[in-house]
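Chemist: All chains should be modelled from the sequences, with the hints used to inform the complete structure.
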Amino acid sequence: MQQPFLLTGSVSGGLYVDGMTSSSQPSRDPRSGSARGVALLEKQAAAARLHAEFLAELAAFDAAGEFVLDNQVTAQAWLRHHARMDSLDARRAVTAARALRDLPHMTAALAEGVISARHVDELAAGHKRLGPQVMLEAEETLLPLAKVAAPADVRAAVMRLEEAVGADESREEKAQRIHESRYLLLSPGFDETVEITGRLPKAEGLLLQKAIRAGSQPNPEPGEQVDPRTAAQRQADALVEIAQTFLATEPGVTSSRLDTTLVVDLPTLRDELQPGDGRTGISAILGTAFTAEELEYLTCTANVAVLLTTTLSPHADRPAHDMPVTVAPGVPLALGRETRLATKAQLKALWVRDGGCIAPGCRNRRVQAHHIRHWSDGGPTDLTNMCLLCSRHHHLLHQGGWQLEPDPGRPGLLRWRPPDGSPPVPATHATDRNPGTSRGLW
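Under the UniProt record's numbering, read the sequence shown as residues 1 to 442, first letter to last.
The reader is advised that the hints may include incorrect statements.
[Claimed, not checked] Once the Cα atoms are required to be at most 25 Å apart in a straight line, the calculated DSS-like pairs of lysine-lysine come out as:
1) 174 - 128
2) 174 - 210
3) 202 - 128
4) 202 - 174
5) 43 - 147
6) 128 - 147
[As the list claims (entries may be wrong)] With beta-carbon atoms standing in for the labels, derived distance ranges:
7) 108 - 401: 37 to 47 Å
8) 239 - 364: 16 to 26 Å
9) 237 - 190: 14 to 24 Å
In short, the hints are calculated from the structure, not lab data. Quick reminder that beta carbons are idealized off the backbone N, C-alpha and C, glycines included.
Modeler: Take a look at the structure:
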């Protein structure tokens with residue numbers, strides 16, 4: 001008796017019937033037996049092709065220095081501010097873009113979608129450490145691997161290549177190359193954390209490892225038998241203890257206490273906090289919310305200095321009853337035309353208000369005091385006429401045609417006016433770096 005054909009499934013529109021497919025059934029895609037799996041792989045390849053276009057555009061943008069047109073000093077800084085990238089992602093993108101200029105086969109593979117952005121990151125890291133010539137010669141070996149292996153395997157291959165190259169280098173050349181590849185990045189993480197990534201020469205890395213291990217041995221609380229912390233948590237605690245120990249014993253420091261500035265504005269001092277402003281007592285004073293434990297930690301071993309501020313706007317009339325602001329008795333913060341350079345007291349007050357360079361997206365904490373209305377044009381050395389800028393943005397302000405002006409939408413703060421007449425851009429002050437701070441300081 002003839003057995004009936006059995007319908008057992010369908011693939012890509014063709015029926016699979018008793019071990020046979022209809023004539024319209026295409027052959028099975030070797031990448032996946034699932035139509036949705038094939039679609040995922042195709043979208044992954046499309047994302048890689050789009051990333052190749054992004055990196056090519058970024059490479060040209062970086063080489064032309066066009067980031068300066070947006071008042072940024074590097075392409076990496078531009079990505080952080082305008083593309084809202086984390087520091088590590090921005091650094092990887094610029095590194096990859098520069099590598100693609102020298103590695104045409106890798107560029108083509110990414111554009112074809114046969115390798116991913118993470119493969120490119122690993123190859124670009126090798127390009128940065130070993131140089132374009134070495135990586136260009138190694139492309140014919142590394143690229144086939146990248147097409148069939150995971151990024152971690154490519155990273156291992158690049159490390160082996162680095163070891164092989166090191167065998168042909170003199171000891172001094174190798175040490176210098178490794179030394180120049182060192183880095184440490186501390187980036188803001190989620191939920192008020194800091195993420196740490198880095199690379200150290202082996203000797204320094206072992207030194208750090210030894211110090212962390214020495215400080216991360218299990219240490220149960222009195223009366224307890226087991227330390228509840230994981231090994232990773234103990235190592236994190238040990239790293240913090242190393243920093244605390246350094247601050248307590250740094251040559252030239254006469255005290256082991258941290259310096260803490262208590263910022264108090266006049267309305268708070270006068271008990272003029274507005275009901276319902278979402279902040280009470282100490283959070284209004286410090287400009288951000290702290291738990292009782294955090295406050296105790298910050299202040300129990302700290303040098304606490306009080307900085308008295310006002311809510312005066314640099315473009316508002318000073319009330320007659322408010323005298324010049326002082327950071328301590330007898331230390332004026334408004335010096336008029338008496339001196340050109342900012343005093344230490346003024347710099348301290350500016351730091352509280354600005355928190356670093358006020359250029360949008362800039363995180364540089366090495367800063368200089370700048371006169372908004374230039375000293376040569378009669379500008380006073382007053383807080384209302386000064387701000388903090390890093391040296392590169394200070395140069396751009398003087399040479400690039402940008403202007404600083406009061407921000408009418410944010411009393412007491414500033415904004416940047418581009419040279420091309422486009423809309424002004426808000427400056428980055430301490431209130432922007434710390435969303436818990438809602439009150440203007442000047």
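Chemist: Could you run down the list of hints and mark each one as holding or not?
Modeler: Results of checking the hints against the structure:
A threshold of 25 Å between alpha carbons decides the hint, and for residue 174 with residue 128 the separation of about 14 Å falls inside it, so the pair holds. Taken as a hint, the residue 174 and residue 210 pair is honoured in the structure, with Cα atoms around 24 Å apart against an allowance of 25 Å. With a C-alpha separation of about 18 Å, the suggested pair residue 202 and residue 128 falls inside the 25 Å cut-off, and the hint holds. Our distance criterion of 25 Å between C-alpha atoms is met by residue 202 and residue 174, whose separation comes to about 12 Å.
For the suggested pair residue 43 and residue 147, the alpha carbons sit about 16 Å apart, so the restraint of at most 25 Å is met. The hinted pair formed by residue 128 and residue 147 meets the criterion: a straight-line CA distance of about 21 Å does not exceed 25 Å. Under the hint 37 to 47 Å, the C-beta atoms of residue 108 and residue 401, about 40 Å apart, fit the expected range. Under the hint 16 to 26 Å, the C-beta atoms of residue 239 and residue 364, about 24 Å apart, fit the expected range.
For the pair residue 237 and residue 190, the supplied restraint of 14 to 24 Å holds, since their beta-carbon distance comes to about 20 Å.
Violated hints for the displayed structure: none, as all numbered hints are satisfied.
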